[in-house]
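Undergrad: Using the sequences and the hints, build the whole thing.
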Amino acid sequence: MVLLHVKRGDESQFLLQAPGSTELEELTVQVARVYNGRLKVQRLCSEMEELAEHGIFLPPNMQGLTDDQIEELKLKDEWGEKCVPSGGAVFKKDDIGRRNGQAPNEKMKQVLKKTLEEAKAIISKKQVEAGVCVTMEMVKDALDQLRGAVMIVYPMGLPPYDPIQMEFENKEDLSGTQAGLSVIKESEAQLWWAAKELRRTKKLSDYVGKNEKTKIIAKIQQRGHGAPAREPIISSEEQKQLMLYYHRRQEELKRLEENDDDACLNSPWADNTALKRHFHGVKDIKWRPR
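FYI, the numbering for the sequence shown is 264 to 553, going by this note's numbering.
It is worth saying that the hints were derived from the structure and are not from the lab.
In the DSBU-like style, the derived pairs of lysine-lysine whose C-alpha atoms are separated by at most 35 angstroms in a straight line are:
{"no.": "1", "residue 1": "303", "residue 2": "459"}
{"no.": "2", "residue 1": "383", "residue 2": "476"}
{"no.": "3", "residue 1": "478", "residue 2": "383"}
{"no.": "4", "residue 1": "356", "residue 2": "376"}
TA: Structure follows, in structure tokens:
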């Protein structure tokens, strides 16, 4: 199995294994799915943190309005009356005005937070350091855990316009958002290695050879964005250590220059005629006029 260290730009994403005989069409789609799946888990975790703190999403026509404005316009949150968290709600106002403030109680909040931590750990970039490969099955497992936690806390479900529910139903609208810029369509994904595009019409072995123990750094890129930047020769940490070493070396050379060994020759104890002049009673005689 060839080990792929997948990156986006200079940032590590995940590890993935594939046989050298894998068609690059299949591999590129697989990498893009895992990459986008991890982004979905991250978006869900972010929204579910808000769900645990401030309850479900308000209807779009009520978001950002004050209580007086809602009362004046006679608006009503019908889904808020249906989607009540298990064990009752605890009011915690959302200052942004996106959620209704009917948060789950402490016990249910902990159910959500514990599940969030487990899901984050599955798709964490720390998996690269640990040498753990991330598969689509792992991503689906993280999504299932998040879905199960929401069902436990909100057995009546969430409003259809809630971003969490839309993510679960794959109906999320990311147009015009920063999150949408990170997503790469499977049909437009490209893999690059050693400044070469891994063309979909070929096999992985056409580029890396037949050695199944090969490890490569593959960069995923949106089609049309050009070749990704080359990997630096040394890592940022190695560069810091190198700069620190040269700084210390310069300081050391500076100290040696200031403490020149020849300076001791001007000291009285270094005068090789001092003993002779002492016995002659001659001391500190200068021949030049003052």
